[in-house]
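Q: Go ahead and model the full structure; you've got the sequences and the hints to work with.
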Amino acid sequence: MEHEQTIPEQRKEGESAPEPDTSATSAASAPRRRRAGRTTLLIAGAAVLGVLAGTVTGYAVQYHREPTPLPPLAQQKIDGPKPAAMNDATSRRSINATRWHKADEDLAKKLLDVPGGVQDSFSGPVSTDAFSADYFLEPSQAVGSLIRDAKRLATARWAENDRNFIEINLLQFRDRAGADDFYTEIVQYMPDKDHAGNTGKDLPGAPADFGHMWIDSKAHQEPGYHPIRQGRAVVRRGDIVMSIEYTNNRGDVDEKALVELAKRQMERL
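All residue numbers in the sequence shown are consecutive under full-length UniProt numbering, ending with 269.
What the hints contain is simulated information worked out from the structure, not anything from laboratory work. Quick reminder that beta carbons are idealized off the backbone N, C-alpha and C, glycines included. A portion of the hints provided could be inaccurate.
[As the list claims (entries may be wrong)] Computed cross-link-like contacts, DMTMM-like style, restricted to lysine to aspartate or glutamate with a CA-CA straight-line distance of at most 25 Å:
1. Lys109 <-> Glu138
2. Lys151 <-> Asp180
3. Lys218 <-> Glu138
4. Lys151 <-> Glu222
5. Lys109 <-> Asp120
6. Lys263 <-> Glu138
7. Lys110 <-> Glu245
8. Lys218 <-> Glu167
9. Lys110 <-> Asp129
10. Lys193 <-> Glu222
11. Lys109 <-> Asp239
12. Lys201 <-> Glu185
13. Lys109 <-> Glu267
14. Lys263 <-> Asp120
15. Lys110 <-> Asp149
[What the hints assert, rightly or not] What follows is a set of in silico ranges between Cβ atoms, one per label pair, in the way DEER data are often shown:
16. Leu52 <-> Ile147: 49 to 55 Å
17. Pro204 <-> Arg148: 32 to 38 Å
18. Ala133 <-> His220: 15 to 21 Å
19. Lys193 <-> Arg163: 44 to 50 Å
20. Arg176 <-> Asp120: 32 to 38 Å
21. Glu138 <-> Arg268: 29 to 35 Å
22. Gln221 <-> Ser121: 23 to 29 Å
23. Asp134 <-> Asp192: 17 to 23 Å
24. Glu260 <-> Ile147: 30 to 36 Å
A: Laid out in structure tokens, this is it:
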């Protein structure tokens, strides 16, 4: 039986040879590219873990080290008043000597001089919190505005013959608007029954619309105590408000004495 002879296909002249099939080569190289990507991820992860491990180690080392001492102060000793035991000469001013500024003394010098031979006397600068505690029925509501608006405060007080108690307060504000607001507020609340209980009247000798006085409509009395009545004079002059309280523990206020004190204090301003 004759075998069939296979004759190779002949190419025409000028016809290029067929391109080799690269699919096998591409398929063989694909797995190598996947291995290269996986290696990159492993290296990046190792780097991140290395950084974290180094950070944790650094914190652990620093945690077990002794604290580094701060450098010494340039000025080892700061001048200040030395503590002293209380004696007969001790006063609010001496106890709180570090709380005052030299400028505070200038306002205190404008206060009337405390008369000689009186009892329970004091004259000098006062702090905002101490003034609020003595002056206002609800100090916590007033101290904030005073800290914001007031620059300096000064007080003089004394007692005469166990019946008359005089207190003069000078408040210097940061501007005239602050002084005006403080004065206006007093004028508004004094007519209340918890205060004077009347609208009062102009203070003789005071600037127009910036001086007023009140005498309590009735004495305030509690069981077991003397009747107390108070007279009050308030003046605004520039950035300073002057307030004088004249209290009698027998229910009788000397209006002429109050007016005289107010005139003398205005002259000092």
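Q: Now tell me if each hint is right for this structure.
A: Right, here's what the structure says about each hint:
Our distance criterion of 25 Å between C-alpha atoms is broken by lysine 109 and glutamate 138, whose separation comes to about 29 Å. Our distance criterion of 25 Å between C-alpha atoms is met by lysine 151 and aspartate 180, whose separation comes to about 14 Å. Between lysine 218 and glutamate 138, the direct Cα distance comes to roughly 22 Å. Compliance with the 25 Å bound is thereby established for this hinted pair. Taking the CA atoms of lysine 151 and glutamate 222, the gap is about 37 Å. The hint is violated against a cut of 25 Å.
Under the criterion of a C-alpha separation no larger than 25 Å, the hint pairing lysine 109 with aspartate 120 is consistent with the structure, at around 19 Å. As the CA atoms of lysine 263 and glutamate 138 are separated by approximately 30 Å, the hinted pair breaks the 25 Å bound. At most 25 Å may separate the alpha-carbon atoms for a hinted pair to count; lysine 110 and glutamate 245 meet this at roughly 17 Å. Taken as a hint, the lysine 218 and glutamate 167 pair is honoured in the structure, with Cα atoms around 20 Å apart against an allowance of 25 Å.
In summary, the hint linking lysine 110 to aspartate 129 is supported, as the alpha carbons are separated by about 21 Å, within the 25 Å threshold. Taken as a hint, the lysine 193 and glutamate 222 pair is honoured in the structure, with Cα atoms around 16 Å apart against an allowance of 25 Å. Of the pairs offered as hints, the one joining lysine 109 and aspartate 239 holds, with about 16 Å between alpha carbons and a cut-off of 25 Å not exceeded. Between the alpha carbons of lysine 201 and glutamate 185 the distance comes to roughly 16 Å, so the proposed pair stays at or under 25 Å and holds.
Between lysine 109 and glutamate 267 the alpha-carbon distance is near 13 Å, which keeps this suggested pair within the 25 Å criterion. At most 25 Å may separate the alpha-carbon atoms for a hinted pair to count; lysine 263 and aspartate 120 meet this at roughly 23 Å. Our distance criterion of 25 Å between C-alpha atoms is met by lysine 110 and aspartate 149, whose separation comes to about 20 Å. At roughly 51 Å, the beta-carbon separation of leucine 52 and isoleucine 147 lies within the given 49 to 55 Å, and the hint holds.
Take proline 204 and arginine 148: their Cβ atoms lie about 33 Å apart, and the range 32 to 38 Å holds. Restraint check, alanine 133 to histidine 220: a C-beta distance of roughly 20 Å satisfies the suggested window 15 to 21 Å. Checked against the hint of 44 to 50 Å, the C-beta distance between lysine 193 and arginine 163 comes to roughly 25 Å, which is inconsistent with it. Checking the proposed 32 to 38 Å range against arginine 176 and aspartate 120 shows it holds: the Cβ atoms sit about 34 Å from each other.
Restraint check, glutamate 138 to arginine 268: a C-beta distance of roughly 30 Å satisfies the suggested window 29 to 35 Å. In this structure the supplied range 23 to 29 Å holds for glutamine 221 paired with serine 121, their Cβ-Cβ distance being about 27 Å. Restraint check, aspartate 134 to aspartate 192: a C-beta distance of roughly 19 Å satisfies the suggested window 17 to 23 Å. Between glutamate 260 and isoleucine 147 the beta carbon distance is about 34 Å. The supplied range of 30 to 36 Å therefore holds.
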